[in-house]
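Note that the protein sequences, when read in sequence, are chains A and B. Sequence positions in the first sequence follow our numbering and run 2 to 570. Sequence positions in the second sequence follow our numbering and run 2 to 570.
It should be emphasised that the hints constitute simulated quantities derived from the structure, not laboratory data. Misleading hints may appear alongside valid ones.
If chains are identical, the list can't say which one is meant, so a pair holds when it fits in one copy or spans any two.
What the hints assert, rightly or not - Listed next, the in silico DSSO-like pairs over lysine-lysine satisfying Cα-Cα at most 30 Å (straight line):
id, residue 1, residue 2
1, K96, K285
2, K139, K82
3, K82, K532
4, K330, K532
5, K466, K53
6, K240, K277
7, K285, K466
8, K466, K139
9, K330, K82
10, K240, K532
11, K277, K53
12, K53, K82
13, K532, K53
On a predicted model such as this, the values are computed, not experimentally measured, just so you know.
2 protein chains.
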Amino acid sequence: MRLSHLYAPTLRDDPADAEAASHRLLVRAGFIRQLMSGVFTTLPLGMRTMRKIEAIVREEMDASGAQEIRMPIILPSEPWKKTGRWQAYGPVMFKLIDRHERELGLGPTQEEAVTPLVAGDLHSYRDLPVNLYQVEWKYRDEFRPRYGLLRVREFLMKDAYSFDRDDEAMHRSYATMMDAYRRIFDRCGIRYVVVEADPGTIGGGTNHEFMAEASIGEDLYVACPNGDYLADIEAATPKAPDPLEPAELEPLTEVSTPGAATIAAVTEQLGVAADKTLKCILFKAGDTVVAALAPGDREIDQVKLERRFFPRPVAPFEDADFASNGYAKGFVGPQGLHADVIVLADASVRGGADWITGANAPDVHVTGANTPRDFRVDDYMDLVQIREGDPCPGDGAPLRIERSIVVGHIYELGTRYSEPLEARFVDEDGSEQFFRMGCYGLGIGRTMAAAVEQFHDDAGIALPKVLAPFEVVIVVANRDDERVVAEAERVYGELVDRGVEAVLDDREETAGVKFADADLIGYPVQVVIGKRGVQAGTADLKLRSSGERSQAPLAEAAAAVVDLLASAP
Amino acid sequence: MRLSHLYAPTLRDDPADAEAASHRLLVRAGFIRQLMSGVFTTLPLGMRTMRKIEAIVREEMDASGAQEIRMPIILPSEPWKKTGRWQAYGPVMFKLIDRHERELGLGPTQEEAVTPLVAGDLHSYRDLPVNLYQVEWKYRDEFRPRYGLLRVREFLMKDAYSFDRDDEAMHRSYATMMDAYRRIFDRCGIRYVVVEADPGTIGGGTNHEFMAEASIGEDLYVACPNGDYLADIEAATPKAPDPLEPAELEPLTEVSTPGAATIAAVTEQLGVAADKTLKCILFKAGDTVVAALAPGDREIDQVKLERRFFPRPVAPFEDADFASNGYAKGFVGPQGLHADVIVLADASVRGGADWITGANAPDVHVTGANTPRDFRVDDYMDLVQIREGDPCPGDGAPLRIERSIVVGHIYELGTRYSEPLEARFVDEDGSEQFFRMGCYGLGIGRTMAAAVEQFHDDAGIALPKVLAPFEVVIVVANRDDERVVAEAERVYGELVDRGVEAVLDDREETAGVKFADADLIGYPVQVVIGKRGVQAGTADLKLRSSGERSQAPLAEAAAAVVDLLASAP
Chain A
2 MRLSHLYAPT LRDDPADAEA ASHRLLVRAG FIRQLMSGVF TTLPLGMRTM
52 RKIEAIVREE MDASGAQEIR MPIILPSEPW KKTGRWQAYG PVMFKLIDRH
102 ERELGLGPTQ EEAVTPLVAG DLHSYRDLPV NLYQVEWKYR DEFRPRYGLL
152 RVREFLMKDA YSFDRDDEAM HRSYATMMDA YRRIFDRCGI RYVVVEADPG
202 TIGGGTNHEF MAEASIGEDL YVACPNGDYL ADIEAATPKA PDPLEPAELE
252 PLTEVSTPGA ATIAAVTEQL GVAADKTLKC ILFKAGDTVV AALAPGDREI
302 DQVKLERRFF PRPVAPFEDA DFASNGYAKG FVGPQGLHAD VIVLADASVR
352 GGADWITGAN APDVHVTGAN TPRDFRVDDY MDLVQIREGD PCPGDGAPLR
402 IERSIVVGHI YELGTRYSEP LEARFVDEDG SEQFFRMGCY GLGIGRTMAA
452 AVEQFHDDAG IALPKVLAPF EVVIVVANRD DERVVAEAER VYGELVDRGV
502 EAVLDDREET AGVKFADADL IGYPVQVVIG KRGVQAGTAD LKLRSSGERS
552 QAPLAEAAAA VVDLLASAP
Chain B
2 MRLSHLYAPT LRDDPADAEA ASHRLLVRAG FIRQLMSGVF TTLPLGMRTM
52 RKIEAIVREE MDASGAQEIR MPIILPSEPW KKTGRWQAYG PVMFKLIDRH
102 ERELGLGPTQ EEAVTPLVAG DLHSYRDLPV NLYQVEWKYR DEFRPRYGLL
152 RVREFLMKDA YSFDRDDEAM HRSYATMMDA YRRIFDRCGI RYVVVEADPG
202 TIGGGTNHEF MAEASIGEDL YVACPNGDYL ADIEAATPKA PDPLEPAELE
252 PLTEVSTPGA ATIAAVTEQL GVAADKTLKC ILFKAGDTVV AALAPGDREI
302 DQVKLERRFF PRPVAPFEDA DFASNGYAKG FVGPQGLHAD VIVLADASVR
352 GGADWITGAN APDVHVTGAN TPRDFRVDDY MDLVQIREGD PCPGDGAPLR
402 IERSIVVGHI YELGTRYSEP LEARFVDEDG SEQFFRMGCY GLGIGRTMAA
452 AVEQFHDDAG IALPKVLAPF EVVIVVANRD DERVVAEAER VYGELVDRGV
502 EAVLDDREET AGVKFADADL IGYPVQVVIG KRGVQAGTAD LKLRSSGERS
552 QAPLAEAAAA VVDLLASAP
C-alpha cells in the first residue's frame with residue numbers, strides 16, 4: 002500500500018473532547034472518526050487493526066468448537082418482555098416502532114434472539130452441546146458516551162452463546178471459553194486480569210470479567226497485594242469481621258440531636274467517630290420496604306440491593322414515603338421498624354456493638370443500640386461499596402483498587418433465559434429439560450482501545466506487531482531524488498514479496514511530517530531511505546517500541562527489516 | 002468439519018410462506034432462519050456462502066483501489082434533512098429517538114454519512130480520487146417483506162462511494178466500478194445483464210443495475226431481441242413514433258358522453274379504440290398543477306413525473322382539487338386548461354391526431370382535438386409505463402420484458418449530495434469545488450439468493466463450487482461398520498490435507514437422510530463410502546450439478562474427488 006493512496010488522514014491536534022489516550026490517538030492517527038456522540042466510523046487503519054483482532058478471535062472461537070452465525074440487529078420486543086429485560090434495560094436499549102406499529106429494539110446483546118433460534122432447531126440432547134458466535138454491532142444508548150471507543154453507543158462485539166444439557170456440561174463449556182479468551186488476549190499481547198464479576202443485567206450465576214490494565218479505565222477491580230484475590234469492584238466482598246461480643250452491653254439511651262439528620266452532623270454533635278454510628282437507609286423494592294444497615298462511614302451500594310431483589314426495582318425512600326410510613330427522615334433507626342420491613346445489614350455490622358443510630362423521632366438519636374436486644378437483622382450480606390484497604394477475604398491483607406477496561410465478560414446463565422423463553426430439549430430419559438446456557442462477550446473496538454491505552458507514548462501509538470495496521474513503513478525522505486525513490490520502491494517491493502505488511506510513504510510531505518506520522522500511527526519498524534543514506538549505501542531503521550535506531554546496508558535492507566521485525570514486540 | 006457437530010439443521014418441509022425457490026431452499030438447507038418478517042439469522046452454512054461472496058467482493062474492490070471502512074448504522078437525521086431524503090424515504094427508513102430526544106435513522110444507504118466524513122478529512126484536489134467501501138447491514142422498513150432474502154428489512158450490502166475532482170474523473174471512477182462489478186458477478190458464476198436504470202431515491206444521473214436472471218424476480222427489465230437495448234423497466238424509453246401530420250385535421254366537436262368518466266366507458270359509448278382517445282390526468286407537483294397526456298390505452302407512470310419534479314412531491318388530483326380548480330373529474334381535456342398548468346405529453350402523443358378527449362364539462366367529450374390548434378403541449382417526454390412489444394429505441398423491434406433480481410446498482414451522483422451537504426475541496430486553481438461523487442451498491446444476501454434461484458433443482462441447492470458452503474461431502478453410509486467409518490475418515494483427512502473444503506457426514510442418520518441432505522445443501526461433489534464399496538474397494542462419486550455418478554478405487558478416492566471437483570462448475 003502506498004500512503005499517497007491510503008485514506009489515513011492524520012491530525013496534528015488532539016480532538017477537543019478527548020480525555021483518554023486511546024481516543025486522542027486513534028482519532029489523530031486516522032484510525033477512527035466520530036460521527037456523533039458515542040458513534041464512530043472506522044477508517045482503513047482502524048479496520049486493519051480491528052480485523053486482526055477479529056481474526057484472532059475467530060481462530061480461537063473456531064478452534065474451541067464454536068460456530069459462526071449472524072443474528073439480526075433489529076429484534077422483536079416480545080422475547081425481551083418475557084425475560085424482563087425490556088424493562089430492565091430501560092432507556093439504555095434503543096427502541097423503535099416499525100411501520101406496522103410493532104415495537105423493536107436494537108440488540109445490546111442477543112440472548113433473546115439465539116435462545117428461540119436454538120430451541121427451534123435443536124430438539125434432542127444428542128444435538129448438544131452447541132456454541133454459536135457472531136461478530137456484530139451492539140447498541141447501548143449510554144447517557145454520557147465518552148473516552149472514544151471505551152463508552153460508546155454502537156460497538157463491535159464478539160458474542161457467543163453455549164447450549165448444554167446439564168450444569169456439568171455448562172461448566173465445561175464455560176471453562177472452554179475461559180481458555181479461549183485467555184488465548185485471545187494473550188495473543189493480542191495485552192496485560193489483563195481475570196476477575197469474578199457482577200452479572201449485571203445479563204443475570205445468571207458464575208461470571209468473570211477480562212480486565213485490561215489501564216490508568217484511564219472506568220472499570221475498577223479489587224486485588225489483594227498477595228495475589229490471592231481478584232474481583233470486580235461490584236462483586237468484591239471484603240473479609241467479614243469477627244463478631245464483636247462485648248462482655249456488657251450499654252443500655253439503649255435516647256440523646257437529643259437537634260437538626261442532626263446526617264451522619265456528619267451526628268458525629269459532630271456527639272463527638273464520636275462515624276464508624277460508631279449505624280446508618281439505616283430505607284428503600285422500596287417493589288411493594289416491600291427494606292432497611293439497609295451499615296456503619297456510618299460506609300456507603301450502601303444500591304446495585305447490591307437491586308441484585309438481591311431482581312427483577313423488583315429498588316429505589317431509596319422519597320419524602321412522601323417517609324410520611325406515608327411514619328418514619329422521621331434523617332432519624333431512622335432499626336429499632337421499632339414495622340414488622341413487615343426487611344432488615345438487611347452489611348456483614349461489617351457484626352463487627353460493632355453499642356451503635357449510635359436514629360431514634361425514629363425528629364431530632365433524637367439513641368446510643369447503645371444492639372442486636373438482637375434492640376433490633377432484629379433478617380440477613381447479613383455484602384451491602385456496601387468496597388474501598389481501598391478493606392481486608393482481603395482470603396488472607397485479610399489490605400485490598401488495593403485498580404483501574405481497568407473490561408474487554409471480555411463471560412457468564413454461566415443456567416436457565417435464566419431458557420425458562421422464560423421456554424427453550425427445551427428432550428433428554429435421554431424422555432423428559433423435557435431447559436437448555437443450560439452460557440454467554441461470552443468480547444469487545445473488538447474496546448480491545449483495540451485498551452491495547453492503545455497500554456501501548457503508546459507521547460509520540461503516538463505503539464501497538465505490538467500482531468495488532469499494528471501495518472508492520473513496516475518505508476519512508477521516502479527525499480521525494481525529489483530519483484535514486485531515493487527507486488531504492489525505496491525496491492525495498493518496499495522486496496518486503497511485499499517476503500510477505501511483510503509494508504506501506505510506502507510516498508506522499509508529497511516533508512520528511513519531518515512523515516517521521517511524525519510514522520510514530521503517531523506506530524508502524525513497529527520504520528525504514529528511512531534518504532539522500533545521504535543512498536550515497537553511503539545505507540538505510541536507517543528504527544524500532545517503534547524502544548526507539549532504537551540502527552543502520553543496514555541498503556542492498557540488504559529488506560532482510561534487515563525482516564530480522565528487526567522478528568525481534569519487535 | 003464433521004456434520005455431527007455442524008449447526009446445519011435441515012428441514013423436510015418447505016416453510017409455509019415461502020414463494021421463492023431461494024427462500025424455500027435456503028431455509029430448508031439450514032442456511033438461514035427467519036427471526037421476524039423480513040429479518041433473518043444467517044446460520045453456519047449461509048455464513049460460509051456469504052463469506053465467499055464477500056471475499057470475492059473485497060478482492061475486486063481492493064484491486065480496483067477502493068479502501069474498506071465501516072460506517073455507523075445509526076445515523077443522525079440532520080444531514081438527511083439537508084439532502085431531502087429524510088422525507089423522501091418516509092416510512093421506508095427506520096427512525097428512532099435517542100434518550101436525549103435526538104432523531105436517528107437506521108441507514109438504508111450512507112451518502113449522508115460518508116460525504117461529511119470525506120469533506121472533513123480531504124481538503125485538496127491532491128487527495129483525490131478516493132473510493133471508500135464497506136460491507137455492512139442496511140435497513141429498509143419494507144411494507145411487505147417477502148421472497149426470503151429478496152425483499153427484506155435488514156440486509157448485508159457492500160456499498161462504495163467515490164469522490165472525484167471533476168465529471169471526467171467521476172466517469173473514470175464509475176467505469177472502474179462497472180468493471181469491478183462485472184468481475185465480481187462473473188466470478189460468482191451467475192447469469193446477469195447490466196441495464197440502464199432509474200436513479201430512484203438515490204438521485205443523480207447515469208446509473209446501471211446488475212440484474213441476475215430469475216423467473217421469480219420482481220425487478221423487470223426491457224430487452225430488445227436483437228441485443229441492442231437493455232434497460233430497467235422504470236428507465237426504459239420506447240422509440241418515439243414519427244409525428245403524425247394528417248393533411249386535414251378534423252374540426253373540434255363536442256359529443257355527449259353521459260356518465261362516461263373512464264376511457265373504457267368513452268370507447269364503449271363512442272365505439273372507438275382506446276388508442277384514439279387522449280387521457281389527460283391532473284397532478285399536483287407541490288403548488289404546481291401538471292396535466293399529463295397519453296393515449297388512452299397507456300398508463301401514466303407517476304414515478305417519471307416524480308423524477309421530473311424532484312424534490313417536489315407529486316400526487317394525483319383528489320376530488321377537492323378538481324372542485325377548487327374548476328375541472329370536471331372524468332371529463333378533463335387539455336384544451337382550455339388554466340394558463341399556469343404545465344402540460345406534459347408522452348412522446349407517443351406525437352404519433353396521433355384528431356384525439357377524443359374530455360371537454361372539461363360533465364358528460365361531454367370532444368373529438369378532433371389537435372395540438373397546437375386546440376391545446377398546447379409544454380413538453381414531450383417519456384411519461385408512460387413501457388410494455389411488451391413497444392418498439393426498441395434502437396432498431397424498433399418489439400421489446401421483451403424480462404424478470405430479474407437486482408444484485409448491484411451503481412450511480413454517478415455528481416453533486417447531488419456534496420452540494421446540500423456543502424462538501425467541498427480546494428482545486429488546483431484555488432477555487433472551492435463540490436466533490437463529484439459516485440455510489441455503488443451490491444447486495445451480499447441477494448447475490449446468494451439470486452445464485453440459488455439460478456442454481457437449484459427439485460432436490461435442492463446446486464451452487465457453483467466458488468459459492469457452495471463446502472466443496473465436498475463424504476457420506477458415511479454405514480455408521481456401524483468400522484471399516485466404512487475408517488475409510489471415510491481416511492478419505493476425509495486426505496481431502497482436508499489437500500486443501501479441499503470437505504465435510505464428513507458422520508451423523509447418526511440413515512444413508513437416505515444423508516443423501517437427501519447432500520442434495521439439498523448442494524455439495525458440488527458427493528463421495529459415498531459404504532459397506533459394499535469398501536468390500537469391492539470402491540467409492541461412489543456424484544457430481545451435484547449434473548447428477549452424474551462414477552466410481553473410484555477406494556485407495557485413490559481423494560485424488561479422484563479432486564479431479565472431479567476440478568471439472569465441477
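Results of checking the hints against the structure:
no.: 1; hint: K96 x K285; in the structure: within (28 Å within a copy, 36 Å between copies)
no.: 2; hint: K139 x K82; in the structure: both (19 Å within a copy, 26 Å between copies)
no.: 3; hint: K82 x K532; in the structure: neither (69 Å within a copy, 53 Å between copies)
no.: 4; hint: K330 x K532; in the structure: neither (80 Å within a copy, 84 Å between copies)
no.: 5; hint: K466 x K53; in the structure: both (10 Å within a copy, 28 Å between copies)
no.: 6; hint: K240 x K277; in the structure: within (19 Å within a copy, 97 Å between copies)
no.: 7; hint: K285 x K466; in the structure: neither (53 Å within a copy, 63 Å between copies)
no.: 8; hint: K466 x K139; in the structure: within (28 Å within a copy, 34 Å between copies)
no.: 9; hint: K330 x K82; in the structure: neither (36 Å within a copy, 52 Å between copies)
no.: 10; hint: K240 x K532; in the structure: neither (67 Å within a copy, 66 Å between copies)
no.: 11; hint: K277 x K53; in the structure: neither (56 Å within a copy, 69 Å between copies)
no.: 12; hint: K53 x K82; in the structure: neither (37 Å within a copy, 37 Å between copies)
no.: 13; hint: K532 x K53; in the structure: neither (35 Å within a copy, 46 Å between copies)
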